[in-house]
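Colleague: Let chain Z serve as the given structure and place chain G on it in line with the hints.
Number of protein chains: 2
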Amino acid sequence: MPHSYRNPIPTVDILIELLDRPHRPIVLIERLHPPHGWAIPGGFVDYGESVAAAACREAQEETGLGVELIDLLAVYSDPSRDSRQHTISTVFIAAAAGDPQAGDDAKALGIFESWQLPSQLCFDHDQILRDYWRYRHYGLRPRLS
Amino acid sequence: MPHSYRNPIPTVDILIELLDRPHRPIVLIERLHPPHGWAIPGGFVDYGESVAAAACREAQEETGLGVELIDLLAVYSDPSRDSRQHTISTVFIAAAAGDPQAGDDAKALGIFESWQLPSQLCFDHDQILRDYWRYRHYGLRPRLS
Chain Z
1 MPHSYRNPIP
11 TVDILIELLD
21 RPHRPIVLIE
31 RLHPPHGWAI
41 PGGFVDYGES
51 VAAAACREAQ
61 EETGLGVELI
71 DLLAVYSDPS
81 RDSRQHTIST
91 VFIAAAAGDP
101 QAGDDAKALG
111 IFESWQLPSQ
121 LCFDHDQILR
131 DYWRYRHYGL
141 RPRLS
Chain G
1 MPHSYRNPIP
11 TVDILIELLD
21 RPHRPIVLIE
31 RLHPPHGWAI
41 PGGFVDYGES
51 VAAAACREAQ
61 EETGLGVELI
71 DLLAVYSDPS
81 RDSRQHTIST
91 VFIAAAAGDP
101 QAGDDAKALG
111 IFESWQLPSQ
121 LCFDHDQILR
131 DYWRYRHYGL
141 RPRLS
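Each protein sequence line maps, in turn, to chains Z and G.
In terms of full-length UniProt numbering, the first sequence is residues 1 to 145.
In terms of full-length UniProt numbering, the second sequence is residues 1 to 145.
Source of the hints: derived by calculation from the structure; they are not laboratory data.
Any given hint might turn out to be false.
As the list claims (entries may be wrong) - Distance ranges between label pairs, derived from CB positions:
{"no.": "1", "chain 1": "G", "residue 1": "I111", "chain 2": "Z", "residue 2": "P34", "range": "17 to 27 Å"}
{"no.": "2", "chain 1": "G", "residue 1": "E61", "chain 2": "Z", "residue 2": "L140", "range": "29 to 39 Å"}
{"no.": "3", "chain 1": "G", "residue 1": "H36", "chain 2": "Z", "residue 2": "Q85", "range": "27 to 37 Å"}
{"no.": "4", "chain 1": "Z", "residue 1": "P118", "chain 2": "G", "residue 2": "H36", "range": "50 to 60 Å"}
{"no.": "5", "chain 1": "G", "residue 1": "P35", "chain 2": "Z", "residue 2": "R141", "range": "30 to 40 Å"}
These numbers were taken from a predicted model, which means no experiment stands behind them.
Glycine residues also receive a C-beta, built at the ideal position from the N, C-alpha and C atoms.
Isolated chain Z (complex conformation) (with noise of 0.2 Å):
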């Protein structure tokens, strides 16, 4: 079955907690390219990429670490998260250790508690942390609309 029209976009973002260090923080990556402010590490999915694999690959190229996918936290989907283009990213949990090191796209790699993150966030990324915090804390997991 052909299929010509377009299509939102598939990408993945990995919340990497840092296992080797107190309060198992978070890793956070501020964009060089706009728009500017602070992400969560991820990416596009190649075509005949799986997603785990994109995310493994994304995290990997932005953080420098290895990383071992451990939850699915959500899919993220509203058309109006990214003002660009409509994307659709699966939301991974994954573990690692070891010194992060900021990829080329990145223009400082951050480390953070929950209590400590920056405010400028972009994209969905505030709502998905705070979906992210609230699972990790309370096992409450994100509503599906």
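Modeller: Just chain G now, kept in the frame of chain Z:
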């Protein structure tokens, strides 16, 4: 940021549980178009549509049922899951009541308990159904790889 390369195609599938019947059975569709066989109701996510909205729309179109999304089972994205093209399916569990009616794209519609599924299942829907029943009966979520 323009985005011109080929992407995997986002889809949804919906495991619709009929609450008002003994054993809470699920609805499957016998496909009218190739590949022939039985399948979980679902389809493509439109540009500008959330995965949750797509799931409710496809469930309505293919079974006539208004559904409530209950849970996210998993995301299936193995490049070989559909031989025609690379699709990424967000698979929901949903609840409904009443009598399902086959839509235009279906040859037939069936209501199934876990011990009497049809043998000819399309795509990776045999795997999805195994994962679903394992999760429903034992609370174990599918593996992420």
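Colleague: Each hint needs a verdict: does it hold in this structure or not?
Modeller: Hint check:
1. G:I111 to Z:P34: 17 to 27 Å: Hint violated: Cβ distance 51 Å, outside 17 to 27 Å.
2. G:E61 to Z:L140: 29 to 39 Å: 32 Å, holds
3. G:H36 to Z:Q85: 27 to 37 Å: Since the Cβ atoms of H36 of chain G and Q85 of chain Z sit about 35 Å apart, the hinted range of 27 to 37 Å holds.
4. Z:P118 to G:H36: 50 to 60 Å: 52 Å, holds
5. G:P35 to Z:R141: 30 to 40 Å: 33 Å, holds
Violation of the numbered hints given earlier is confined to hint 1; every other hint is satisfied by the structure.
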